[in-house]
Amino acid sequence: AQKVTQAQTEISVVEKEDVTLDCVYETRDTTYYLFWYKQPPSGELVFLIRRNSFDEQNEISGRYSWNFQKSTSSFNFTITASQVVDSAVYFCALSERRDDKIIFGKGTRLHILP
Amino acid sequence: GAGVSQSPSNKVTEKGKDVELRCDPISGHTALYWYRQSLGQGLEFLIYFQGNSAPDKSGLPSDRFSAERTGGSVSTLTIQRTQQEDSAVYLCASSLARTNYEQYFGPGTRLTVT
Chain Y
1 AQKVTQAQTE ISVVEKEDVT LDCVYETRDT TYYLFWYKQP PSGELVFLIR
51 RNSFDEQNEI SGRYSWNFQK STSSFNFTIT ASQVVDSAVY FCALSERRDD
101 KIIFGKGTRL HILP
Chain Z
115 GAGVSQSPSN KVTEKGKDVE LRCDPISGHT ALYWYRQSLG QGLEFLIYFQ
165 GNSAPDKSGL PSDRFSAERT GGSVSTLTIQ RTQQEDSAVY LCASSLARTN
215 YEQYFGPGTR LTVT
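Just so you know, the protein sequences line up as chains Y and Z, in that order. Position one of the first sequence corresponds to residue 1 (this note's numbering), numbered consecutively onward. Position one of the second sequence corresponds to residue 115 (this note's numbering), numbered consecutively onward.
None of these hints come from the bench; they were simulated from the model. None of the values given here were measured: they were computed from a predicted structure. Beta carbons: idealized from backbone N, C-alpha and C, even for Gly.
Okay, the calculated bits of chain Z under chain Y, using three or more residues with CB under 8 Å as the criterion: (1) 159-170; (2) 220-228.
Okay, the calculated bits of chain Y under chain Z, using three or more residues with CB under 8 Å as the criterion: (3) 36-49; (4) 104-110.
Using the sequences and the hints given, assemble the complete structure.
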């Protein structure tokens, strides 16, 4: 069965520090897709990235970067030089090609302290 | 419209009453999803529509929950005989195709059952 684990419930860092949010997944499918979403205090979820299981290249977008490692079933998210506006709940999610469900992790609440 | 819209934004209802929650997806998006987010919790997948059909309804928490989608567009989530444990934010999302595409979320309907 598919499962997404975000072990860090809550993280607090001081502004400008780097922070990594962990995501570990379980799947029996060989083709699957991983996502990260951001839920700011306003509540509306915002899509950040999608990665398919055949693409293990790391991705960088500005201060955001993602490290996908199939060997450890992890898809970690790093924010470099964090800013207060990065404060939000971040969700990792998984969908399998053979299924129509998408499973979200429980989220990591990130506090960036000024 | 430009994004996913949901109505009402807030709904307070008495235990035992029926409620209808509406979702208007992004034009041209064939896939539509309903989720439930309880206070401080992750997203619970409820149901997914591809066009007007819902291939898998097993995520619905009980037979008091039902959903339909007509014309490949607007969807309605109905909760009959509401219970206090139904209190949550109900989120709708849409995507271009099925679950392996990024989803665009609406602002949610906050349901409070008194």
